[in-house]
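Asks: Construct all of the structure, not just a fragment, from the sequences and the given hints.
Same order as they appear, the protein sequences are chains A and B. Heads up: the first sequence runs through residues 0 to 314, numbered per numbering that gives the first Met the number 0. Heads up: the second sequence runs through residues 0 to 626, numbered per numbering that gives the first Met the number 0.
Among the hints, a few may not be true.
[To be verified] Derived pair list, reagent style BS3-like, types lysine-lysine, alpha-carbon separation capped at 27 Å:
#	chain 1	residue 1	chain 2	residue 2
1	A	K277	A	K88
2	A	K60	B	K482
3	B	K128	A	K256
Simulated from the structure, these hints should not be mistaken for lab results. The structure displayed is predicted, hence computed values, not measured ones.
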Amino acid sequence: MKKDYLYTSIYQSTSDFVIDDDTTYIYGISSEERSHFVESIEKSQFTNVNFIKLENIGDDKVLETISNKEYHLRSSTSMHEILAKFSSKNIYIDATGLDNRICAALIKNAIEYHNNGKIDNVKVIYAEPALYNIKKFKAESVFNDLSEKIDGISPLPGFATIFPQDDDEIILIALLGFEGGRFSHMLESVQPPKENIYPVIGVPGFRPEYPHVAYWGNRRPLEETETWRKIRFASANSMVEVYTLLSKIREKSPNFKIKLAPIGTKPHAIAAMLFAIKYPQTVELVYDNPKRKIQRTEGIGNVIECLISKLIKEN
Amino acid sequence: MNNNETLKKLNESFGSYKAEWLKNQIFELFAEPSYFPALQDNRPCVLEGGRGTGKTTVLRGLSYQGQFAIHQNDIKTFDKSNFIGIYHRVNTNHVRAFVGGGLNDLQWGKVFSHYFNLLICRDILIFIKWHSNQSVNDEQLSAHACKLIANSINIDDPCNNLESLLEKFDMSMYSFQSEINNIIDGKLPKLSMAGDPIKIITEYALQLRQFENKIFFILLDEYENYENYQQMVLNSLIKHTTENYTFKIGVRELGWRVKHTLNTSELLNDPADYVLVNIESKLTENESSFSDFAKSVCEQRIKKILAGNDETAITNIDDALKGLTIEEESALLDVKNTTHYRNFLSLPKSTRNKVKNLPELYHFFIAYWASVHGTTIITSIEDYINNKDSWDMRYENYKYEMLFKIRKGRGMSGIQKYYSGWVTFTKLAYGNIRYLMELVYKAYEKHLEDNQKLSVAISPKYQTLAAQETGLKNLMELEGLWKNGAQLTKLLLGLGRVFQVLASNDGKSAPEKNQFTIEKSGEVPSDFEELMRNAVMHLALIRTPGNKMGEAYSTRDYLYMIHPLYSAYFQFSHRRKRKINLKPIDLFGMINSPKETIKFILKRTDINMDEVERLPQQMSLFENYYK
Numbered sequence: 000m001k002k003d004y005l006y007t008s009i010y011q012s013t014s015d016f017v018i019d020d021d022t023t024y025i026y027g028i029s030s031e032e033r034s035h036f037v038e039s040i041e042k043s044q045f046t047n048v049n050f051i052k053l054e055n056i057g058d059d060k061v062l063e064t065i066s067n068k069e070y071h072l073r074s075s076t077s078m079h080e081i082l083a084k085f086s087s088k089n090i091y092i093d094a095t096g097l098d099n100r101i102c103a104a105l106i107k108n109a110i111e112y113h114n115n116g117k118i119d120n121v122k123v124i125y126a127e128p129a130l131y132n133i134k135k136f137k138a139e140s141v142f143n144d145l146s147e148k149i150d151g152i153s154p155l156p157g158f159a160t161i162f163p164q165d166d167d168e169i170i171l172i173a174l175l176g177f178e179g180g181r182f183s184h185m186l187e188s189v190q191p192p193k194e195n196i197y198p199v200i201g202v203p204g205f206r207p208e209y210p211h212v213a214y215w216g217n218r219r220p221l222e223e224t225e226t227w228r229k230i231r232f233a234s235a236n237s238m239v240e241v242y243t244l245l246s247k248i249r250e251k252s253p254n255f256k257i258k259l260a261p262i263g264t265k266p267h268a269i270a271a272m273l274f275a276i277k278y279p280q281t282v283e284l285v286y287d288n289p290k291r292k293i294q295r296t297e298g299i300g301n302v303i304e305c306l307i308s309k310l311i312k313e314n
Numbered sequence: 000m001n002n003n004e005t006l007k008k009l010n011e012s013f014g015s016y017k018a019e020w021l022k023n024q025i026f027e028l029f030a031e032p033s034y035f036p037a038l039q040d041n042r043p044c045v046l047e048g049g050r051g052t053g054k055t056t057v058l059r060g061l062s063y064q065g066q067f068a069i070h071q072n073d074i075k076t077f078d079k080s081n082f083i084g085i086y087h088r089v090n091t092n093h094v095r096a097f098v099g100g101g102l103n104d105l106q107w108g109k110v111f112s113h114y115f116n117l118l119i120c121r122d123i124l125i126f127i128k129w130h131s132n133q134s135v136n137d138e139q140l141s142a143h144a145c146k147l148i149a150n151s152i153n154i155d156d157p158c159n160n161l162e163s164l165l166e167k168f169d170m171s172m173y174s175f176q177s178e179i180n181n182i183i184d185g186k187l188p189k190l191s192m193a194g195d196p197i198k199i200i201t202e203y204a205l206q207l208r209q210f211e212n213k214i215f216f217i218l219l220d221e222y223e224n225y226e227n228y229q230q231m232v233l234n235s236l237i238k239h240t241t242e243n244y245t246f247k248i249g250v251r252e253l254g255w256r257v258k259h260t261l262n263t264s265e266l267l268n269d270p271a272d273y274v275l276v277n278i279e280s281k282l283t284e285n286e287s288s289f290s291d292f293a294k295s296v297c298e299q300r301i302k303k304i305l306a307g308n309d310e311t312a313i314t315n316i317d318d319a320l321k322g323l324t325i326e327e328e329s330a331l332l333d334v335k336n337t338t339h340y341r342n343f344l345s346l347p348k349s350t351r352n353k354v355k356n357l358p359e360l361y362h363f364f365i366a367y368w369a370s371v372h373g374t375t376i377i378t379s380i381e382d383y384i385n386n387k388d389s390w391d392m393r394y395e396n397y398k399y400e401m402l403f404k405i406r407k408g409r410g411m412s413g414i415q416k417y418y419s420g421w422v423t424f425t426k427l428a429y430g431n432i433r434y435l436m437e438l439v440y441k442a443y444e445k446h447l448e449d450n451q452k453l454s455v456a457i458s459p460k461y462q463t464l465a466a467q468e469t470g471l472k473n474l475m476e477l478e479g480l481w482k483n484g485a486q487l488t489k490l491l492l493g494l495g496r497v498f499q500v501l502a503s504n505d506g507k508s509a510p511e512k513n514q515f516t517i518e519k520s521g522e523v524p525s526d527f528e529e530l531m532r533n534a535v536m537h538l539a540l541i542r543t544p545g546n547k548m549g550e551a552y553s554t555r556d557y558l559y560m561i562h563p564l565y566s567a568y569f570q571f572s573h574r575r576k577r578k579i580n581l582k583p584i585d586l587f588g589m590i591n592s593p594k595e596t597i598k599f600i601l602k603r604t605d606i607n608m609d610e611v612e613r614l615p616q617q618m619s620l621f622e623n624y625y626k
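Replies: Structure below.
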């Protein structure tokens, strides 16, 4: 059964978007138009909502732009300082303009903070793009990927795992995007047995044709590993669906360690982070740190709000 | 057995050409390479080779799990072996946790050393437990030994036996992980000295009667995945091994980036500190070594799995993959239906009769020679009659290259150059067993899909198509092998086009130009060394020492060639022959502005791109790149 309605709200227009009272709203601005949406909404309608804008200054550090203070993503103490700054009951993490390294550190610590009873709710906000710039990508070529290049595999802050596993006893779940090169890179690095690979494609996609683009972009590694028969689907914008799917795969193979590669949409990546938080001893995130093109999307689509603290607690 | 069943068997026998796909079958199908015994002595050894050369298979074959399987899962036979292999594949995602976070390399070095101690000691404990499960009479580690081992790695909790020691190791590893995740908070555990716990645990383990007179082999696979400072830490351990343990390292060529220990003036030298085994060199040093090894790998699979009970099946790989002589190939390429040959035929019969005993390809060559040198065919024939020896030598030098000129250009349908025969396949693979298995797999697949039987040899056509497809597949895969992998694909597309045009274009230049050197003067882009290192490490290019190697080798002292695996796709000669000179900026030009750069390079060899035939059909996939 689909569980989205239990944890997710979808706002079709940014003007419909509401923020709960007593909230700390953490966000960042990227080069993409959609990341600006929170700055354009009318804030006087909200009560006791405090905004924290973070800027990525590299080397796993962020700058809080009002106080001009630096925070370390690889320090729980530092992350808790941000989360506790306004002593709000609710934490909103707007993932739209924050890269996955920042999201990972914030989400991991916010859930921990919630589990310690210090806050009531943790929500993730995500504004979909109206469209991706994939015109060139549709033409046959390996070079028109959305990411210019990747920085290479390196653990997300807070998600480093160093416990060795037997390579035969791992499952690789790859949450795919359009870029097959990233999937190939994962396969090369993780080296799972062919039968232990589960690719996941976002269906439905943000637009009807996007799943086809994902198939096309990933067709070579899918063919090479013969995993095209084993593709699973989860809505591209749904953290809940992916989280549920991951739980099902885990239930079917309880003795396997899971390597989870979030190389697709941001909602899928966030679900992967939540899953790794839920099962720290059996799930390892493997992330390749793409360097994004300056402008890879246009416009703003739906705004998704997901109550992740409830999702992770109840599932 | 019908062909669908045979195709399934094919997949089982040759489809899993990566060690990780074979799982436990890796040991059942294990074929010992000629250098295997050399790895079994007590000295540190570095096994160097590209992706797919069999490093993992060999190192896993040396592991205790591998040795046990190779010895038919019999612990008594296993115990006769004089070493215990502890295999560890370096996991990038794990070792990259020990980077950044405000610590410098020196500080990380201490933390990483502790991690390595934990990792290897834990693996040794797991081995001791595994062995006692196989052999009930094993002597157990004493409470004193357990305490000492725990103490050496700063585990304070009491542990009096193997079980509790292992449990404490696991707990220690998890708490260490948590501390690494909050490295900025500075709550690190008490760290252990690099290598100390390994010395202690190996000493106590080898005192157990069941392991007396043995040595531990610490088998580290994918050494290139370590950070530079991590290689320094481990180099120190390699330099100072004890009689109780040694290292066997698997690394890609150029993946061992730092050769000194933590003391920067202390270098590791071959053979004083370790034995270097370069797989490609070992397997290509003479004509037969790779071919013999590959034959044993392939024929074993054909007999054991593919052929099954089919007694009519050809199980000799030489016979299954028949090759063509150069003249046979020219006939198959329809040399008679070419302009040069028709020009020859237009001569009076009496003139033609003067060379009537020569092969058709020779006639083609005489006409070709006349054409590019602006003379007549009759004059060339007269010259041939007067200078037979020099013409024969010339023909010998040029005849292979002539094959590329028979059916050039996209207008010509069908295969424009054949790559067939077991010997050719081994040369395309160039010491790389994975490439060879891919080639054989694809060739059989095409053969069987055409409803051909295993009792029939695979046609040159299917062998060639297999070679082209394998080239394309690996070309596309380059993108995933390195963080800037797309650069390697682009580099090969550029170089491939240059050598393809050089091979097919009519001209006065020397034949079979397919290698290049890097000019030592001129501008060198900052990331040139990294590009070349990765191109070699990921087998986009192969390199051989140049003629004038200085004492301090540099990237530009070598002779480079596109890996021969790609020659069928791009259509140039896979035989290492002549070279051209390129500048570092040419190589980056192929990545950033290919059309202009290719044109410019060819112009230097007097080829005008405007007169060059369009891309061969199989390369049309990349038309956008060349536009």
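Asks: Take the hints in turn and mark each one as holding or not.
Replies: Quick rundown of the hints versus the structure:
1. A/K277 to A/K88: holds, 22 Å
2. A/K60 to B/K482: With Cα atoms ~23 Å apart, A/K60 and B/K482 stay inside 27 Å; holds.
3. B/K128 to A/K256: holds, 22 Å
Figure legend: structure checked against the earlier numbered hints; every hint is met.
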